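Protein chains in written order, with the numbering used here: chain X, 1 to 486; chain A, 487 to 1287.
Read the hints as simulated data drawn from the structure, not as lab findings.
Be careful, since some hints might not be right.
[Stated by the list, open to error] Derived EDC-like pairs (lysine to aspartate or glutamate); straight-line CA-CA distance at most 16 Å: (1) A/1127 <-> A/1115; (2) A/856 <-> X/475; (3) X/249 <-> X/279; (4) X/368 <-> X/145; (5) A/612 <-> A/576; (6) A/1127 <-> X/204; (7) X/112 <-> A/884; (8) X/103 <-> A/822; (9) A/1103 <-> A/1134; (10) X/429 <-> X/439; (11) X/429 <-> X/132; (12) X/479 <-> X/461.
[Claimed, not checked] Label pairs and their computed distance ranges (CB to CB): (13) X/477 <-> A/569: 23 to 31 Å; (14) X/477 <-> A/607: 31 to 39 Å; (15) X/61 <-> A/597: 27 to 35 Å; (16) X/396 <-> A/1115: 34 to 42 Å; (17) A/1130 <-> X/396: 37 to 45 Å; (18) A/597 <-> X/396: 50 to 58 Å; (19) X/396 <-> A/1185: 46 to 54 Å; (20) X/470 <-> A/569: 27 to 35 Å.
Fair warning: this is a prediction, and the values are worked out from it, not measured in the lab.
For each residue, glycine too, the CB sits at the ideal point set by N, CA and C.
Residue strings, one per chain:
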Amino acid sequence: MTDTASAMQLLNRRSLLSRGSVGLGSAALASMLQSQTRGSTLADPASRLSNKQTGENRPHHPCKAKSVIFVHLVGAPSHLDLFDYKPVLQRLDGQLMPDDLWKGLRLAFIRKQPALLGTRFRFRQHGDSGLELSELLPSLGQMADELCVIKSLHTEHFNHAPAQLFLQSGFGQFGRPSMGAWVHYGLGSENRNLPGFVVLITGDIAGAGNSLWGSGFLPSVHQGVEFRSSGDPVLFLSNPDGLSTDARKRIIDEITQLNSIQLADVGDPEIATRIQQYELAWRMQSAVPELMSIDHEPEHIHRMYGTAPGKPSFANNCLLARRLVERGVRFVQLYDEGWDHHSGVFGGLRAKCKQVDQPLAALLLDLKQRGLLEETLVVWGSEFGRTPMLQDGENSGRESDRVGRDHHKEAFAVWMAGGGIKPGTVYGKTDEIGFHIVENPMHVNDFHATILHLLGIQHDELTFQFQGRPYRLTDIGGKVIAPIVG
Amino acid sequence: MTQSRHCSRKTWISAIAALLSIAVASISPSATSSLIADDLNFDSQVGPLLRSRCLQCHDSTTREGGLRLLSRSDLLLTNDSGTSAIVPGDSLKSRLIQRVTASNPDERMPPEGDPLTAEQIEVLRKWINHGAPWPESDRTQLQHWAYRVPQRPHVPKISQQEASGGSTVADPDRIEPGKQNPIDAFVRKTLEQSPAELSPSGKEIPARLLRRVFLDLIGLPPTPEQVIAFEAEPSPEHYAGIVDELLASPHYGEKWAQQWLDLARYADSNGYQADQFRSIWPYRDWVIQAMNQDMPFNQMTIEQIAGDLLPNSSESNRIATGFHRCTTCNVEAGVDPEENRVNQVADRVTTTATIWLGTTMECARCHNHKYDPFTQQDFYQLFAFFNNTPLEVEAPKDGGVQYEVAGPVLKLFQKEQVAAGTSEIHESTTAVMVEMPARRSTHVFLRGDFLNPGPQVTAQTPMVLHPLEASSTVNLSAGDHVNPPNAEYTRLDLAKWLVSDQNPLVARVTVNRWWAAFFGRGIVLTQEDFGTQGSAPSHPELLDWLAVEFMENEWSMKHIHRLIVMSDTYQQSSSMTEEQLAKDPYNILLSRGPRFRLSAETIRDNALAASGLLSTKMLGPPVYPPQPDGIWRHVGRNAPKYETSTNDDRFRRGIYVVWRRSAPYPSFVTFDAPDRASCVPSRSRSNTPLQALTLLNDPAYVEMAFGMARRILLDRPEDSLEERLEYAFRLTCARQPRPEELTRLASLLRAEQQRYEASPSDAAILIPESFENPKVPLAEQAAWFSVCNVLLNLDETITKN
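With the hints as constraints, model all of the structure from the sequences given.
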């Protein structure tokens, strides 16, 4: 066994060689989970967070947020029916929009002069902050004092896929790293048995596809890993039928032994990394099912979230998100599909809100009770908002339940909670019909800059050299919106 | 990585320093002082003024508004404003004067500090009115290495005794077994001159060498029989014969097409929300066949960029133009077809510049390149070459909302043998480029916004590179294209310009890409960027020698590949010593052979070959190997269904696997395959636990382990256990197992067999019916599955050693 012994020696040397003085602490193990091979032409650790002396990824400035739960409502919910109440729009309900106000605006579906459409929901104020929310979000109302609602986000794209890419990667076409990949690249992960960037999906995958959690030109270790709610939670996690856990262990041990012999022979440190990846895979085989199994959560937790073990739902994903950040996963992305209400906007919103209101409020409360809300930034976001004008594709008439709202990129609402955001606040203001921003506009670049700031990252310092220039999430824009930082 | 990045940063800093020193030198008193008439002196008046009040924002690193003030030619370039900074001889029309004299403080330059004094403004006025003379050492004389046409460097002489294998003196024109290969001479020289004091490694053991060259040239492993035959006679002549066979193999094109299709962003779907199928696989087949025929790279280029414009263009010429129809296409409701088209054309410009010029043009879409000598005007002049293509999105009629993909397609008819003597005609289409009869006018889009057109431009190539006229020197068998007088240049002119032997970049960029595929890293590390921000070449003379060799040998890809695999450098052992690891962990000096993980497709192809399941059927529509349910659950109308191939198609090579952009084949993604939505010059190579899970448990790989187990028992019914194990080992690693490895595998096999004998139901559940062998006990088959699962997971199996 001298071969193997010397292989193990090499293995240790590899650890020293590649990770300097950090040794095998949790950070080093985390980085092994994402180890990048030497051969790549893309890896560029020198340009991530600037702690070049220690080799550790440490934030640029002190911060509260350690992890992010980003909930993307795919299809784009109507800000006008949930967060941005407009009495004037109610008064003008049914009146035709003057041509000079809408012609020339880029709209997906509306082609002829549209009427204005007021909301059919009641709004009321909640909590000490008096935050105004739609009756569709009663549970969230109870957490109103935790929320910071931004009513003045605007984007550059009005089609789903480009706008989704823009929200997630700061660029309306394919090829750039997603926000989660940037954060993971900058900060790494704190869990040694789980990926640092996890994606949970309810419904179909959003229009822009896997690129929404892709790593673009960053090393592919930073891409998000989808935890699936049916079948294997992580692709290929479970062994073939008939192959027992013990048999799998023996096979992995044998692979390790043979790889060690090879390591001793050819001396390539990459083999040592490979050996560690198999050990991690083995640990993931138990860590991931343990994480995904919510059966053992107490009854009151299930009641709070509205979760039912074994029945995939948005609520389950919210609970899983809490379990993930609890275990040190850096970035958790929830996608929930079904918010593209070109028709039946009122019925559609009622049904969708029913699915998300309680679990999201439960997530905030649960995090708060565990002392995790302070260090977890929770974000509600969508690729754009909806028009105050009515879309009536079926000519069924304004009174019909079939009316909807078209895509709207000029102004929409998102909220954040926890992670050092100023709670119980509203930022920005739209005009009297919720159409254009009149106060404190916030570009998607600013939104990104602020999220990174809350994580201790200076958005213009988190760069990656590609094609001869340093790229960043906020491209050439972005400013931190200081008034919403606590 | 840190080290190399460090290097390139240093180079970068010194390059900038060099630029600055030129600027400074040209303004120093030692330069000419008699340049300017009257009492005006550039060195003492104009230069210091520019330096103290302008360069802070307008040097090559900042370049605000696209303006750089380091040379006279800089002053004449069109900036983000759409005009140049000065009009020589006319200070009134010069924007520079307008800006420094503006009364509005928001307009006035410089934006910080006091405005220029009347005397200072007068100096600038006079200087411009005199034609804005600049001292002779204009910066253009100090050209970045990559913009100078490569000259064939002298091949270093290596003494008889140093050259391995008793080689004779270098002969650059002929590469024969046992003769000195110029690659080795250059590599040796660099190695010797390096302070690292490393010496070259010895020759790789025959089995590993054979596997290496098989995987590199055809992407498939040698059979155990081929390995044993080579081990028996590992002579250079034998090796050379095998290399020639591999280069002639139809599998060569299947292997090398992958790299090209990453660049061409080839996929079988449109991308975006409505990620529906498109038919463009005949283009993929064209690439495979062109590579198999060793179509000269210049011809390959011309056919792909402008095959439709060749005189009497053939069907094959037109299929080739699918290259630039591989762009994504957005047909979501409300999309502006013109915006989609503009994005596509911009993608064609940047992709072309990346592939043929190693140049990043993306930034120049909105403003002048900050670091390299490319302007926004250059971008839109290139844009003009591609601007005469029709819209590819059809807006709905009569106020509807259903947008459709509408680009031009070519109808194809293929004859397929269905049974002995009978054949069927299949009709298919493939997306192609066409030129519209009426040309669009092209404008610079201010800030890149297609709704904000600036000055009009015509098709032209970047000023810093060779003139467009040079393309007429390219002679193709297809015949020369003659421009009618006064006509605008076309895509065909651009194509010929790209592969002109006066193009300083194309050959270097191309051979570098191949080099990276063989050695794991390019001579220029940044394959996508040969500009001033790219890394400097590790072996500049070798790069230039290869580039010239390539051009002078009819742009033959196979010639260069042969040269590389015939070199001693390539054939070195890839084992690493402690000294090598410490001094040169990334093998920049090439003191050892290449060793790195295989690509996603090759990992699968290699395992399929080992399992005996591989189908070598070539070409045709995409195939659907097994993948888990739910991968294609994706928003969007008429989303295609994934219908897993049930025949041999499920075992065809990776190059034929359907590529849906929103969800590419999952095990390929795990092994770093891109989404093919944009041009990818090099894939990353990660090492993750998800890869382990894939090879262990992906039903496709599980199936391959069963196939391999069945094959061993069928192929070697009479063999002893050790002989079977050796055969199995050779199927995945080619070499003979070490005794220790054999012992381990044998004891695993025996132990697993005993365990399955004790719990026969496990074995019965494990082994799928289709793989059962009635002549062998189930427990033994299950034990062989374990062994094969181990072998297919070895680092050595998924690595080019």
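Exercise. Cβ-Cβ distance between residue 470 of chain X and residue 569 of chain A: within 27 to 35 Å?
Worked result: holds, 29 Å
Problem set entry | Proposed proximity, residue 145 of chain X with residue 368 of chain X (alpha carbon, max 16 Å) | holds, 12 Å
Exercise. Taking 16 Å as the top limit, are the C-alpha atoms of residue 612 of chain A and residue 576 of chain A close enough?
Worked result: holds, 9 Å
Problem set entry | residue 61 of chain X paired with residue 597 of chain A, Cβ distance criterion 27 to 35 Å | Holds: the Cβ-Cβ distance is about 29 Å, inside 27 to 35 Å.
For this session: Below or equal to 16 Å on CA atoms is what counts here, so check residue 1127 of chain A against residue 204 of chain X.
Result: This hinted pair holds, its Cα atoms lying about 13 Å apart.
Exercise. Does residue 429 of chain X pair with residue 439 of chain X here, judged by a C-alpha cut-off of 16 Å?
Worked result: Between residue 429 of chain X and residue 439 of chain X the Cα gap is close to 5 Å, so the pair holds against 16 Å.
For this session: Using the beta carbons of residue 396 of chain X and residue 1115 of chain A, state whether their distance is inside 34 to 42 Å or not.
Result: holds, 37 Å
Problem set entry | Outcome of range test on Cβ distance (residue 396 of chain X, residue 1185 of chain A; 46 to 54 Å) | holds, 48 Å
Exercise. Between residue 479 of chain X and residue 461 of chain X, is the straight-line Cα distance small enough, at 16 Å or below?
Worked result: holds, 13 Å
Exercise. Quick one: are residue 477 of chain X and residue 569 of chain A within 23 to 31 Å, going by C-beta?
Worked result: Since the Cβ atoms of residue 477 of chain X and residue 569 of chain A sit about 25 Å apart, the hinted range of 23 to 31 Å holds.
For this session: Could you say whether the range 50 to 58 Å given as a hint is met by the Cβ separation of residue 597 of chain A and residue 396 of chain X?
Result: holds, 57 Å
Exercise. For the pair residue 477 of chain X and residue 607 of chain A, does the Cβ-Cβ distance stay inside 31 to 39 Å?
Worked result: holds, 34 Å
Checked against the numbered hints above, the structure violates none of them.
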